[in-house]
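Note that the protein sequences, when read in sequence, are chains C, L and F.
Our numbering puts the first residue of the first sequence at 1, with every later residue one more than the last.
Our numbering puts the first residue of the second sequence at 1, with every later residue one more than the last.
Our numbering puts the first residue of the third sequence at 1, with every later residue one more than the last.
Do not rely on the hints blindly, as some may be mistaken.
[As the list claims (entries may be wrong)] As a list, the in silico DSS-like pairs of lysine-lysine whose alpha-carbon atoms are at most 25 Å apart:
#1 C:39 / L:342
#2 L:342 / C:190
#3 C:40 / L:342
#4 L:310 / C:96
#5 C:40 / L:344
#6 L:345 / C:40
#7 F:58 / L:279
#8 L:248 / C:96
Please keep in mind that the hints were generated in silico from the structure rather than gathered at the bench.
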Amino acid sequence: MSAIELLNWARGPALQVAVAIFIIGMIIRVLEVWLLGRKKDLSEARGNATAAGWRTILTRSVPPPGMWSHLIVGYVFHIGFLIALLFFVPHILFFKDIFGIRWPGLPNGLIDAVTIITLAAMAYTLFIRISDPVRRMLSTFDDYFAWLVTFLPLLTGYLAFHRHAGDYTMMLAMHIMSVNLLLVAFPFTKLTHAVTLFLARWYNGAIAGRKGVRV
Amino acid sequence: MRRDETLAAYLQRRGISRRGFLKFCAATASLMALPPGMAPTIAEALGKAKRPSVIWLSFQECTGCTESLTRSHNPTLESLILDAISLDYHHTLQAAAGSAAEEAREHAMEQFKDQYLLIVDGSIPVKHNGVYSTIAGMTNLQMLEETARHAAAIVAVGTCAAYGGIPHANPNPTGAVPVTEIIKDKPIINVPGCPPIPVVITGVLAHYLTFGTIPELDDLHRPLAFYGDTIHDRCYRRTFYDQGKFAKTFDDEGARNGWCLYELGCKGPTTHNACATTKWNNSTSFPIESGHGCLGCSEPDFWDAGSFYKPLSTSTTDLSDWAVGAVVAGAAAGVAAGLYHKVKKSSAVSRHHAVTVDELEDKP
Amino acid sequence: MNNLSDIAVSVEHRAPAQVLAVLTEIDAHLQALADLGTESAIDLRSLPFFPGDYELLKDLLGEGELKATLDSLGPTYIHETRVPGVWWVTHFNEAEEKIAEFIEVTRLPALLQTDAESLQYAPATLAELIGQVKGEHDAS
Numbered sequence: 001m002s003a004i005e006l007l008n009w010a011r012g013p014a015l016q017v018a019v020a021i022f023i024i025g026m027i028i029r030v031l032e033v034w035l036l037g038r039k040k041d042l043s044e045a046r047g048n049a050t051a052a053g054w055r056t057i058l059t060r061s062v063p064p065p066g067m068w069s070h071l072i073v074g075y076v077f078h079i080g081f082l083i084a085l086l087f088f089v090p091h092i093l094f095f096k097d098i099f100g101i102r103w104p105g106l107p108n109g110l111i112d113a114v115t116i117i118t119l120a121a122m123a124y125t126l127f128i129r130i131s132d133p134v135r136r137m138l139s140t141f142d143d144y145f146a147w148l149v150t151f152l153p154l155l156t157g158y159l160a161f162h163r164h165a166g167d168y169t170m171m172l173a174m175h176i177m178s179v180n181l182l183l184v185a186f187p188f189t190k191l192t193h194a195v196t197l198f199l200a201r202w203y204n205g206a207i208a209g210r211k212g213v214r215v
Numbered sequence: 001m002r003r004d005e006t007l008a009a010y011l012q013r014r015g016i017s018r019r020g021f022l023k024f025c026a027a028t029a030s031l032m033a034l035p036p037g038m039a040p041t042i043a044e045a046l047g048k049a050k051r052p053s054v055i056w057l058s059f060q061e062c063t064g065c066t067e068s069l070t071r072s073h074n075p076t077l078e079s080l081i082l083d084a085i086s087l088d089y090h091h092t093l094q095a096a097a098g099s100a101a102e103e104a105r106e107h108a109m110e111q112f113k114d115q116y117l118l119i120v121d122g123s124i125p126v127k128h129n130g131v132y133s134t135i136a137g138m139t140n141l142q143m144l145e146e147t148a149r150h151a152a153a154i155v156a157v158g159t160c161a162a163y164g165g166i167p168h169a170n171p172n173p174t175g176a177v178p179v180t181e182i183i184k185d186k187p188i189i190n191v192p193g194c195p196p197i198p199v200v201i202t203g204v205l206a207h208y209l210t211f212g213t214i215p216e217l218d219d220l221h222r223p224l225a226f227y228g229d230t231i232h233d234r235c236y237r238r239t240f241y242d243q244g245k246f247a248k249t250f251d252d253e254g255a256r257n258g259w260c261l262y263e264l265g266c267k268g269p270t271t272h273n274a275c276a277t278t279k280w281n282n283s284t285s286f287p288i289e290s291g292h293g294c295l296g297c298s299e300p301d302f303w304d305a306g307s308f309y310k311p312l313s314t315s316t317t318d319l320s321d322w323a324v325g326a327v328v329a330g331a332a333a334g335v336a337a338g339l340y341h342k343v344k345k346s347s348a349v350s351r352h353h354a355v356t357v358d359e360l361e362d363k364p
Numbered sequence: 001m002n003n004l005s006d007i008a009v010s011v012e013h014r015a016p017a018q019v020l021a022v023l024t025e026i027d028a029h030l031q032a033l034a035d036l037g038t039e040s041a042i043d044l045r046s047l048p049f050f051p052g053d054y055e056l057l058k059d060l061l062g063e064g065e066l067k068a069t070l071d072s073l074g075p076t077y078i079h080e081t082r083v084p085g086v087w088w089v090t091h092f093n094e095a096e097e098k099i100a101e102f103i104e105v106t107r108l109p110a111l112l113q114t115d116a117e118s119l120q121y122a123p124a125t126l127a128e129l130i131g132q133v134k135g136e137h138d139a140s
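Chain C with its partners taken away, still in its complex shape (with noise of 0.2 Å):
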């Protein structure tokens, strides 16, 4: 199969398919367990909850002390991911595409910058989950996956647009596809925090600010 055939099924039927495993798989993940419902609190209410909910999402997007290091890096690489997926112009096109709706994009030479220091913040990462003993003994096949699948479409992407990996047909090809098993992993692994990390801090905050607790 040549580098222009790879892409077209790249773009085509292979990325219809990983947009409704993506899209079927994540919303029967949130369902299953919104559906799941809880056991009904019968004390008496002593805070409230929703307002502890809500408040519980911000104050958990701030690390204790003693974790900056790891926020500051795993701040830079999903802000630097979210930039360089929604502010790329060929990226809102394809949302266009789909949903009808564009936003201005930022300057190419921006992108680029922070494509690097996501990339240099992501291998970061990795590296600390490697060297510390703790962090590896937790490690299970799934965090390494979950790493790659985020870090290849990163660096195909940047590959591609310098045209330094050789031909431009072949790594355009090679960046759908990382994208395309990105979209198909999404609801099977840790990723599906993108989504249940909002459930679960909101629920974690009302729960504990029906006891009274202050969060």
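Once you've looked at the hints, dock chains L and F against the given chain C.
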């Protein structure tokens, strides 16, 4: 032109002076996208090259490739090259018809066994034993196999012969396939394009005539001299792409200023061809210069690669419909999964019972 | 009625990078010609010119004091540009269509010289002409 005389001797006999010959070699070097310094090498090669026999087979095609070739520069260079070859068989251009034409083909195949050049345009249908395209009672498949057997080399002109082209597009009712899928044991040069740029066709022929060899090819059998770069690599609007200046409709300010056509579906970045430098109509212009994005017509399956007007970064399919369907399916499956877990949970709860001391002591 | 000329099309003002690139290449070739006597040529077909670039380059280099026309397989126009050693060669076929165009950096383009082979036949050609003149003289 006598068959045993060299091309240089032929040109001299035609009354072309030494200066004319140098001009011819310089223009031929330019045609073959070779550096100007190669003109003396070409002159030397022409002094040794003999006039080859050429058989041109037209299969499932629209004749656009032949039209393109005959529209290339009028007389002089192209006619010299075409005169220099002995076009022994060509449906559209030959005078003979019917059995006389077939006899001419068979005679050339016999007389110049293992030496003749075979040019093919059009795809070859193979479904139902190839009945969808026949000539003189023979299917295209049979004719190709028979004629290719003793050819020195094959040039597949046009996207149809090179990759199947428009007949090959979904759902491909005739089972159209390219030459490379049928002939596996001969050197094949693909000269794709819908149609190919005329001087590219002539340039490839000129190379074979002059040097008697196949030019350097890429992994899709295309001559690197003409297909080594993508349109994007050599596009004069590249600065606008780099600056992020895109035309968003065909008559907005960006379009009038000649900005990049990426958002309007230009496939330049993934299309290999010489349009951006060699251009069309005697170097007049090419699609992008005329304000329309590249269709990608020299790449395989360009008819099935999604809309010509949607950018490369979008899906070739309609994802929004698919996504809506997925949301509905996901919601249904999610509700079903949720209910299933709820039922499982409540049945587990209902199976709870108080454990007695005896049960505890009975446990193994 | 709307005319084609009513469509407002403007060529955006930008630095003629392509023209500068060619001029830089010519400069390098001139250096090689001066130092080593190397002759070079640039094929204008291979350059992706922005609309206006080609005209700018041609006007910039301009015409020097020497122009020549070759009549073989159609006309070919050769002139030395304002820059000595830089020649502009345009080949046309018999239908006046441009078939090739080069900028040559040389002391004398090969096409302007008489080649050795043709020179071999020169005495015979001249002898024929002399014969013609003598014949007329004898006849009168």
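Hints the structure fails to honour: Per hint list: zero violations.
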